[in-house]
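One line per chain: the protein sequences are A and B, in this order.
With the numbering used here, letter number 38 in the first sequence gets 38, and the count goes up by one each step, no holes.
With the numbering used here, letter number 175 in the second sequence gets 175, and the count goes up by one each step, no holes.
Treat the hints with caution; some may be incorrect.
To give an idea of the interface, some chain B residues facing chain A are shown, with a C-beta separation under 10 Å as derived from the structure [unchecked claim]:
hint: 1; residue: Val76
hint: 2; residue: Asp87
hint: 3; residue: Gly90
hint: 4; residue: Pro113
hint: 5; residue: Arg114
hint: 6; residue: Phe123
hint: 7; residue: Leu134
hint: 8; residue: Lys136
hint: 9; residue: Gly137
hint: 10; residue: Pro150
hint: 11; residue: Arg214
hint: 12; residue: Leu216
hint: 13; residue: Ala220
Restricting the straight-line Cα-Cα distance to at most 35 Å, the calculated cross-link-like pairs of lysine-lysine (DSBU-like) are [claimed, not checked]:
hint: 14; chain 1: A; residue 1: Lys244; chain 2: B; residue 2: Lys19
hint: 15; chain 1: B; residue 1: Lys136; chain 2: B; residue 2: Lys19
hint: 16; chain 1: B; residue 1: Lys139; chain 2: A; residue 2: Lys244
hint: 17; chain 1: A; residue 1: Lys170; chain 2: B; residue 2: Lys130
hint: 18; chain 1: B; residue 1: Lys129; chain 2: B; residue 2: Lys139
hint: 19; chain 1: B; residue 1: Lys19; chain 2: B; residue 2: Lys73
hint: 20; chain 1: B; residue 1: Lys129; chain 2: B; residue 2: Lys73
hint: 21; chain 1: A; residue 1: Lys244; chain 2: B; residue 2: Lys73
Now the in silico label distances, taken between C-beta atoms and shown as ranges [what the hints assert, rightly or not]:
hint: 22; chain 1: A; residue 1: Val186; chain 2: B; residue 2: Gly178; range: 58 to 68 Å
hint: 23; chain 1: A; residue 1: Gly65; chain 2: B; residue 2: Asp243; range: 15 to 25 Å
hint: 24; chain 1: A; residue 1: Ile242; chain 2: B; residue 2: Glu9; range: 49 to 59 Å
hint: 25; chain 1: A; residue 1: Leu246; chain 2: B; residue 2: Gln252; range: 49 to 59 Å
hint: 26; chain 1: B; residue 1: His110; chain 2: A; residue 2: Asn252; range: 26 to 36 Å
hint: 27; chain 1: B; residue 1: Arg58; chain 2: A; residue 2: Val191; range: 22 to 32 Å
hint: 28; chain 1: A; residue 1: Val187; chain 2: B; residue 2: Ala179; range: 34 to 44 Å
hint: 29; chain 1: A; residue 1: Leu257; chain 2: B; residue 2: Thr29; range: 49 to 59 Å
hint: 30; chain 1: B; residue 1: Asn42; chain 2: A; residue 2: Ile242; range: 23 to 33 Å
hint: 31; chain 1: B; residue 1: Lys136; chain 2: A; residue 2: Ser256; range: 55 to 65 Å
hint: 32; chain 1: A; residue 1: Thr163; chain 2: B; residue 2: Glu14; range: 34 to 44 Å
hint: 33; chain 1: B; residue 1: Arg72; chain 2: A; residue 2: Ala37; range: 18 to 28 Å
hint: 34; chain 1: A; residue 1: Gly94; chain 2: B; residue 2: Glu14; range: 18 to 28 Å
hint: 35; chain 1: A; residue 1: Lys170; chain 2: B; residue 2: Pro93; range: 43 to 53 Å
No lab work stands behind these hints, which were simulated from the structure alone.
C-beta: ideal position from N, C-alpha, C; glycine also.
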Amino acid sequence: MEQRIRKEFRALLAPWLLALLLATTALWWRPGTDENAASVLWLACLSLGLVLLAVAAFGKEFSHGTIHALLGQPISRSRLWLEKAAALALAMVGVLLAFNVVVYHSLGAVNSLSGYLAQPVARVGLLVSVTAWSGGLCLTLLLRQMIAAFWIAILLPISLGLTLEYVGGKFFPTQGPGTWWMVALVVYSGVAGLGSWWLCLRYQDTQRLRDRTLYPFRFRLGGFGGRTQGSARTGNGTRAMIGKELHLQQINFICSLVLLLLFAPAFLPGTLWESNEWKPAAGWRRRHFRRAPTGFAGMAIQPSEVATPPVLDEAFRRLFAEPVFRRAGSLASQRPRLVVRDA
Amino acid sequence: MNTHSTVIEIRGLERRFGKTDAVRGVDLTVRAGRCYGFFGRNGAGKTTTIKCLLNLIRPHAGTIRMFGLDPRKDEVAVKARLAYVPDAVGFYPWMTVREVLNYFASFRRHWNPRTERELLQRFSLDPAKKAASLSKGQKTQLALVAAICPEPDLLILDEPTSGLDPIVRREFIQTVIGAYQSGGDTPRTIFVSTHLISEFEGLIDEFTIIEQGRELLTMAADAARERFRKIQVRFPDVPPLLDLSGALQVRQEGRELELLVNGGAERLVELLRANSAEIVRSESLSLEEIFLASGALPRN
């Protein structure tokens, strides 16, 4: 037992150190710079680090090829899951603790611990940790390797949050976007947590899903040696290497493109969207979106008649929305108005 | 557990991967204390069958009993009595040989430190060496040590000698397998999947040959050697046209004929003698030759 726990912690050591480094980015923050923008950066770094840590729990078994040997041992699947999940949770608590300590000291304006814990950054940090824990465990077991699991563990909760925010905003306009995001992340965490347990119990040693998620498309570029035949196959090593790398990296290309598309609406309205060429599209957007679907940023745009948002709305607004929308510049003058309130 | 009890019982095992039928209706029974060979070409379905035994892959049809238990329902109880060496051995790279063995021992109730010491010495494995710096063959050796030290009732080996050099292979078979089977009070069973059959020639008691997921031949090794024979004959002149339909393979070189037969050797010998053939040699086939000749066996 002791050997197994030690092994779990040792397997998590490298990603844990990286997560710790990312979680303590607040150490480099200098008072006087934009606090909101900094908070966004800190939370984004924390999220990345925690997801990386979470996918390593089972991901290392796949990457080291030890999963067969592990599952061949006389240990119940539920106990195996429990040991891994507990070790991961402990490692995450360490990272979260370091994050909170560093942020607490960086935000010099907060005088007490209880005052700090009431801060949005502490609550969102906790929510992000739970989301990363459950999502990382579940998606690694589902996808059988770390790269795709890392991307999907980032993209899935964001997509879910955006969808729920939009749909919820349509049907329950009195509820703020923060509520929908909280609901999305809590539901996602619950489902993913239970899903990881279920997947571990029913794990089958097949490679089909793994390959399909890592290389979803059969990528044959004529110019890169994919379709060359006969004597043309020789002497084009560099091109073949590039073709191979493009093939290997396709999950990264696809997922980064999806991430870009998810966040593009936060930046587009103030720039391309309002130019003459985009007038019809802008009209369509105004007709269909009472507020721009801008992800975390969108949570800050409230129709002026909407009542004061609850605490989580406020948290998301301060942490994600304002900094992003400041970059969008002219957005405040648009129909969905940016509501800025003092804490 | 006595020598008549059944360790592995598979009936009508089927497993598909998409449109590919990896295993199609395999039946086999392995009794306690036997060394059972599971032969087949690459992609024949050997590893899939083994993974079904270990509940690593769920079969689409058929039943599996291990020690009279269902490995899906009693996974821990079944695995507590067996050890498995996969075809692709992987270890945590930061662990030393000693740590790897300690780690695997942590799953077991029983571990024989004397066997561990002896095998480490025999394989010249340095306990302080990192697993990442071991060669492929040394990793296989380490996996074998980890599998044998808990002294399980059943040892499942999936291509155990691939990656080992010929000297270590012989060492492995003669010492490790021999020591494992002869040790302890209870009969110990080995289920070995391989296509390097010649190395296990003297150890195999019974075997099954599968091809494209189908069971081709299941026999006791001695009975198979008795049944499958190679007959070499020489004719004084050009061999006449004979009805040799009982032979699996016929090869002619000048005045000499070589026949592989699956039973009925006596009838063929009589026929050949009646046609003035001089019997040069009539001998049993080795298991490897039987495996090679099995390609000519009629399919069900």
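Arginine 58 of chain B paired with valine 191 of chain A, Cβ distance criterion 22 to 32 Å: Given about 23 Å between the Cβ atoms, the range holds.
Supplied contact hint for lysine 136 of chain B, tested at 10 Å Cβ to chain A: Violated. Min distance 12 Å.
Per-residue hint verdict: leucine 216 of chain B, partner chain A, C-beta under 10 Å: 25 Å, violated
Pair hint outcome, lysine 139 of chain B versus lysine 244 of chain A [Cα-Cα no greater than 35 Å]: 30 Å, holds
Pairwise hint evaluation, lysine 73 of chain B against lysine 244 of chain A, where the allowed Cα distance is 35 Å at most: 44 Å, violated
35 Å limit on alpha-carbon distance, applied to hinted pair lysine 244 of chain A and lysine 19 of chain B: At roughly 28 Å apart (the allowed maximum being 35 Å), lysine 19 of chain B and lysine 244 of chain A satisfy the hint.
Given hint proline 150 of chain B near chain A, where the shortest CB pair must fall under 10 Å: 9 Å, holds
Interface hint status, alanine 220 of chain B versus chain A (Cβ within 10 Å): Alanine 220 of chain B check fails; min Cβ-Cβ to chain A is 29 Å, beyond 10 Å.
Restraint outcome when glycine 137 of chain B is required to lie within 10 Å of chain A by C-beta distance: Interface hint status for glycine 137 of chain B: violated (16 Å vs cutoff 10 Å).
Straight-line alpha-carbon gap lysine 19 of chain B to lysine 73 of chain B, limit 35 Å: OK: lysine 19 of chain B and lysine 73 of chain B at ~28 Å, within 35 Å.
Range hint compliance [Cβ, arginine 72 of chain B to alanine 37 of chain A, 18 to 28 Å]: Because 54 Å falls outside the window, the suggested range is violated.
Pairwise hint evaluation, lysine 73 of chain B against lysine 129 of chain B, where the allowed Cα distance is 35 Å at most: Outside the cut-off at roughly 39 Å; violated.
The structure does not agree with the numbered hints 4, 5, 6, 7, 8, 9, 11, 12, 13, 17, 20, 21, 23, 26, 28, 31, 33 and 34 stated previously, though it agrees with the rest.
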